[in-house]
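Visitor: Sequence:
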Amino acid sequence: MKKVLSAGEQLARLKKGVVEVFPEEEMVAKLERSVATKTPLRVKLGIDPTTPDLHLGHIVVLNKLRQFQQLGHRAVLIIGDYTGQVGDPSGQSATRQRLRLDDVNRNAEVFLTYARRLLSDGELEIRRNGEWFAPMSFAEVMELASKMTVARLLERDDFKNRFEKNVPISLHEFFYPLMQGYDSVMVKADVELGGTDQRYNLSVGRALQRDFGQEPQVCITLPLLVGTDGEKKMSKTYNNFIRVDEPPKTMFDKLFSIPDSLVQTYLTLLTDIEETEIKRLCSASDIREAKLVLATDVVKRFAGEKAAESLRESYIGGTIPEEGLKDVECDSESIWIVNLVKSAGFASSSSEARRLVQQGGVSLDGETISNPEQNVNLKDGMVLKVGKNRWARIRIKREKK
RNA sequence: GGGGAGAUUCCCGAGCGGUCAAAGGGGACGGACUGUAAAUCCGUUGGCGACGCCUUCGCAGGUUCGAAUCCUGCUCUCCCCA
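By the count of the working numbering, the first sequence reaches residue 828 at its end, each step adding exactly one.
By construction, these hints were calculated from the structure, which means they are not laboratory data.
Incorrect hints may have been included.
Said to hold, decoys possible - Across the chosen pairs, the derived CB separations fall in these ranges:
1) Ile747 with Asp584: 23 to 29 Å
2) Ala566 with Asp687: 29 to 35 Å
3) Thr540 with Glu756: 19 to 25 Å
4) Arg715 with Lys615: 34 to 40 Å
5) Ser573 with Ser684: 50 to 56 Å
6) Ser776 with Val431: 54 to 60 Å
7) Leu528 with Glu701: 27 to 33 Å
8) Ser778 with Ser564: 56 to 62 Å
Unchecked claim - Listed below are the simulated EDC-like cross-link pairs for lysine to aspartate or glutamate, each with C-alpha atoms no more than 16 Å apart in a straight line:
9) Lys806 with Asp792
10) Lys443 with Asp672
11) Lys806 with Asp754
12) Lys815 with Glu794
13) Lys442 with Asp792
14) Lys443 with Glu702
15) Lys442 with Glu701
16) Lys443 with Asp699
17) Lys443 with Glu704
18) Lys727 with Asp672
19) Lys615 with Glu582
20) Lys806 with Glu736
21) Lys442 with Glu452
22) Lys659 with Asp624
23) Lys753 with Asp672
Virtual Cβ for every residue (Gly too), placed ideally from N, Cα, C.
Go ahead and model the full structure; you've got the sequences and the hints to work with.
Guide: Given below as structure tokens:
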């Protein structure tokens, strides 16, 4: 392990990009004790695997968790296989559809794949909250429920609004914050991370830990990442997101194409680059340099150094990249252009593919194909480009034997 | 329980018997310009190997040569009164 930084230095690094550390005095105390006793802090992050569609917005908190690891602390990642079935009511104006355990488990696998790429294995503990919720008896559930009052639950706006507007609140939704808080008790968390929308849930964890005779955790909230449109929060519904499983080239291009006003935020929340360096990059006359750093750094996390560097160089040189493109398999060397675009997943219908071709948005190895009736001859390794930032590499599938 | 309004293509929203694949706006996508940014301009926005054909206007029937438009029933949503 590298040399241990002082509590003050650690705090300064950890505060980068965060909205709130509360209570901050307790954070300082915990860090000081950790340095003095050489004991890592247990830093909890709970994730409900409610969707297989992960985007960079989900990565912000993971990134912060990693920063804790880099300072020698222990990451405790909780997969909410039970809480996921309840559904977090935070920010919801109606009861969520409940998920089945199979779905939750499948989503969890996807999530873990990416989480492992970002976090280091060393100080990592992965727990599922079904581990303690599944075997609970009704009596134990009642015991837990007795720790919370209805008034405290109704303090939070989403519940209050629903209650006042007579929108139903199912009892199981009331349990959600309690469950999340109990997770903190079970893993004896020193710190818990979450988005700003998690403020209430995080504080319930503190209260419960105190009830169970533990030292309460410190809560850290992080901003919700703004989407590529620069306005609304990143979300699938607004179609302003960058998926984590995006082909590297696409991810690079999307990151490069974000509005200038967003560059500083993205660098702060998605990379480990220090604040002074970020300021310098963003105040430079040519902001493209900052975008280049951002795109390279983020892509490196997901696709590896080699692909990221290759993309960076191809961008600087204006050439077609060697690495990082999505592959499209074709079994014939001659194909109708419309079908090629469709099979690459760049159009959902022939009509749409035709339009793209007619509008001059489709090119093969840099040569624009404008006739939608055209059959093209393919060679293995050719690059298909659609629009400004959708690319794919052609792979001819050879029939064996 | 009583009374009223409405369900239109991704979203909002016109259309009220043929000229409707359905105005307009938003969004999205493509092109030009640029810095693969913003702004601006132009174009596209149901499907089909496609100048023709097929399927769309809550659901199911009916009237008509012809229906998103008229009639009947059903489902759902919203508002007012109790």
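Visitor: Which of the listed hints are not met by the structure?
Guide: 1, 2, 4, 7, 10, 13, 19 and 20
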